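There are 2 protein chains.
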Amino acid sequence: MTQLPDPSLSRLFDPQGIAIVGASATPGKIGAMPITLLLQHGYSGRIIPVNPRADIIAGLPALPGLDALDDAVDLAILAVPAAHAAQALERARPGQVGAAVVFTSGFSETGSDGAAQQERLCTIARERGIRLLGPNCLGFMNVRRNVYATFSPAPANGVVAPGGIGMVSQSGAFGAYAYSMARERGLGLSHWISTGNEADIDVADCIEWLARDTDTRVIMAYMEGCRDGAKLRRALAAARNADKPVVVTKIGRTQAGAQAAASHTAALAGDDAVYDALFRQYGALRARTIEEFFNLGYALDTWKRPPQGRRLGIFTISGGVGALMADEAADTGLALPEPAADAQARLLQRVPFASGRNPVDVTGQAVSEPGLLLATADDMLADGRYDALAVFLAAAGSSEALWPTFETFARQMQARHPGVPLAISALFPPARRRELERLGCLVFPDPSAAIRTIGAVAGLGSGPAPGVVETSPATADAGALPLLDAYNEVQAMELLRQAGLPASPCVLAGDADAAVRAAASLGAACVLKVVSPDITHKSDVGGVKLNVQGDDALRSAYADILASVRQHRPDARIDGVLVAPMAPKGVECIAGVHCDPVFGPVVMFGLGGVFVEVLKDVSFRLAPFGRDDALAMIREIKGYALLQGARGAPPCDIGALAEALAALSRFAHARRADFSSVEINPLLALPEGQGVVALDAVVIRADA
Amino acid sequence: MTQLPDPSLSRLFDPQGIAIVGASATPGKIGAMPITLLLQHGYSGRIIPVNPRADIIAGLPALPGLDALDDAVDLAILAVPAAHAAQALERARPGQVGAAVVFTSGFSETGSDGAAQQERLCTIARERGIRLLGPNCLGFMNVRRNVYATFSPAPANGVVAPGGIGMVSQSGAFGAYAYSMARERGLGLSHWISTGNEADIDVADCIEWLARDTDTRVIMAYMEGCRDGAKLRRALAAARNADKPVVVTKIGRTQAGAQAAASHTAALAGDDAVYDALFRQYGALRARTIEEFFNLGYALDTWKRPPQGRRLGIFTISGGVGALMADEAADTGLALPEPAADAQARLLQRVPFASGRNPVDVTGQAVSEPGLLLATADDMLADGRYDALAVFLAAAGSSEALWPTFETFARQMQARHPGVPLAISALFPPARRRELERLGCLVFPDPSAAIRTIGAVAGLGSGPAPGVVETSPATADAGALPLLDAYNEVQAMELLRQAGLPASPCVLAGDADAAVRAAASLGAACVLKVVSPDITHKSDVGGVKLNVQGDDALRSAYADILASVRQHRPDARIDGVLVAPMAPKGVECIAGVHCDPVFGPVVMFGLGGVFVEVLKDVSFRLAPFGRDDALAMIREIKGYALLQGARGAPPCDIGALAEALAALSRFAHARRADFSSVEINPLLALPEGQGVVALDAVVIRADA
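If you're matching them up, the sequences are chains A and B in order.
92 is the number of the first residue of the first sequence in the numbering used here; add one for each residue after it.
92 is the number of the first residue of the second sequence in the numbering used here; add one for each residue after it.
Identical copies carry no separate label here, and so any pair may be met within one copy or between two of them.
With a straight-line cut-off of 20 Å between C-alpha atoms, the simulated SDA-like cross-links for lysine to any residue are:
(1) K707 x I728
(2) K676 x D631
(3) K120 x E460
(4) K729 x V705
(5) K629 x V618
(6) K395 x P509
(7) K629 x R738
No lab work stands behind these hints: they were computed from the structure.
Just so it is clear, the structure is predicted and the values come from calculations on it, not from any experiment.
Model the full assembly from the supplied sequences, consistent with the hints where possible.
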């Protein structure tokens, strides 16, 4: 189902007429730059300078104010100081101006006075039905329509070609740098947008609009924070559903970076691990560096379709560099299957000292024998065993004499193997590189960067977007456990059971007789634990007895617990004694939910003991999610091998573990208004086929 | 103490005359290329074409064979097929030819026939006192002296400038690519050497020679394997002692890469983790990718002195990118101290909405106010709190109008703060970039690459090289435990004690009375364990009793153990029962030694349990080493936090742990001829001040 782009943003980003408030004739002034660029690049719409102190600006008749304009205008650029911006907009009639771009700074980024001024600007805009980009932003460009609603100096140093990449940046400086980088790297843009203070339109709005824009095939976004998590999820889902890959750089991965981000941006940064989970969940590729940002954008734009799987063929004219590329492939999780036996045999027939395995090494012979490249690739790809091909040509790429060989190779590869994306690593002169790129072939000077990029984009977009999160208020289900002020372990376990999670049976016994009855119903050796809202470390006060069996033993264990607890903590309230069967053998895991202020309930998974406490080896997903996301978050932890059966232990029931996490996520989402956190510790993963069981849980109410 | 370079290699790499055997006049032939290049670039020595079928080649009189030459000649280039190479060299008189470079392939890389041919070539060379580079190599270049003893097409596409980087590559294809890359990136080379099959001269020889060569300041090496570990250690030590940084790329980091490497090179690859340890130990920087290889070489060459510590100042005109850089700094372990309070105050006075912390954000204001960059940097650096400065200029770098500002900034920085290396991130036009580099300033388009590179080179060369390993045969010390066929636990612990390692006291008791006496001497609750060469899993056969106290209990435990073991394993030989005190509380570690075929004894360290078995979280160092290397290997493991006192436990005695590892390394080295492996498991790390204690050990004889 294709949705149309938001018409109010379409009016902004593809305006038929533009009024420039604060228009100036002085070169370099922010009120002069958009007019200069619009004229220079042949913008076809109407350009209306607005300035009360001039009649003509850049040869165009100027108006004193927006109210002097008879018609409606799609876009007003506000290039006036903060103090005058609201005033200028106020003069527009309701419905007259579609959208405004506010360049100037001095708003919320400067403190509370500026924030008040920004609020006033927003109110005026809202009253008049005007969408707002900025303030404190560099504006935007619609590259195909020659709309230069910006005062960034970047296009003055050379413009980028029109193309399929829609680029949006919260930061103007990053955006301007990215624009220059796109020009240097020969990438084509559909739109370039800087959102600044995001008083109205934010990065998520732009992503969603670009996802529905027909000129855009790939979205590259830079963000510092997000105030509306549900909107960002909707935007990423829209991009995924439209099959448009999103590459995103989000600052604040580390504590140092988050601190720097917090001191820079007024927007709530939120927990970075949650952003990471969000991007994984919606198939957005997170780039850690500007270079990676561009490598990914470049690959997704140049290859019309990313590799459909993770099976990579490598062929080189240097065995050593082949090994370097194999190292990188292993790091990035790409498989390197061997070519078919007959393909290997044919290669060794042609080049006796070649290596027929993968990486295939055709040796320097390829330089003297032009047909060898294509023949080898044809052989490797004959039976569909590779999803992508990476070729290293060493210094030969710099040789003009060999250019026809390489050009033929790239052209024929495209014709014969269109389904296998090709990346060549060599030092081609820039013009030659562009020719290869036009043939749909990636070119990287660094072969490892080629492999890393393939690893990042391989298999992208193969899954559907997670369901869009409904925004209806969450309430307690009918018949569910009533909302209590505090939940003891037994009640917490009952909640989990209602949520569809396998929780260990347990009974709260109020006296020794009840404990004996409980043990009889459980029919096994039992563990007894004191239940008290005042006691956290039960063992320290003698509140736990393990492996109790037989009525007498149960009675005496019950009595011992109460006596010991009363001695150690005479004031503690005691709810009773929990009776549960002794735990079977399994791998101890931890599952939890906490409520992110931006994105709502987030599920955490990790292994017990040192894994969570020392190694911080945990993974996250935003609730709700299904089995596939749960499996991905289980596989993501470093200690995953332990669940697969390390140290002679049987493999765990990973499917059941995934179902449990998905159930927890549904519960956390459905009752997000009721509960602020859940911790299941331990969640015991039993051997394959035996499921999982929650042994203990802590549940905290939302208003606690 | 400066050592002179090996004169035989000096004669090779700086020849006064060169004979080209197989000289040709046909352009593109491997016998023609060196002559063309030598003439074209004005080599000042004598050039002697050797070819029995021509009188004049390239205008130079040709000789029929080396024997027709009256004088001695420093270098002979052999550009003839493998079958003729030995024959050609045979015609040289002993002492007549200093060295030979053998271009042609068809030697050991092709199998056993080729290997025999290579062996014959070596014998002939040895008999005549000729050093050999290759065969199957691209030769070498001495860039300053215009010696082009190569048939690589790389210099034909443009030569690199002379400079301070000595580059050596085992692979010709990698070497040619690296040469082209150096040209593209504007790096200057002293020498470029490809070693090929390494029949005589290998990468280590070249590193050692470059370490002593006055033209070379930085060494960049590519290697696939190494056959002489001691030589490589000597070479790296020579470079370190000469204060010349070594950047090295070694293929085969991963299993996939190692497999590819093994199928490519005949040289023994060895265990990659051991190479990693070697490079760390000798302060060589290992680059994972060609790009990193060049970033590191570029930084070490451009900055005459790397940052002396890890305190980085970041200043930018974009807060967001500052945060991105802070993220990278955190990843690479750089500290970001804040500027002094008065420096922050002055900045905020100049630019009210700047951020005075580190990253310092001067905002776009820097573009309109030329003095701001320098004033900010002066303030930040006034009190010596930074070891390096990274600056991000966003898109402004592309602006020709702002060039004078940036040029002045770089020049003044060099003059005022010569001890603080500067890296600028911006998109300068190539010529402008070169100008900044000439001022000693690094330029990176990607700010993260700038930070990563600073992180890799910061503090480099601050320690002395580890002592050079003596090559005298290792023998058992006088008075040491005699060499036995097999060591039981008690003997193994005695060996450790002799090696200076704190081993838990333990006694081998032959009967119950002896066990009682032993327990009395130990004076604590004891553990009893059966000692038998035939029993590995003692607990499974009832061979272990814990926490035994009192004579009666000891006697009955002794009897129980023997009875149970005899029942389960009637054929097992029983040496007796080990009596040891119960272990105190501590963190269980594992220390081991294994013998690497190339590098000799290697010490391994890790934490017990899942850390080694599931996470493979271990570190290595080559024996012998001192306390500092031991501390580094302890800090290197991911579970290090556990030793620092995670989960409420007291911090461990890390100093004692380091001393124990160093002692183990001295033992392993001194007695490397006697023992092939040692495993101490567990090595218990006790709380700070209480030392460590080895609880159990297995020692295997070298010939076992």
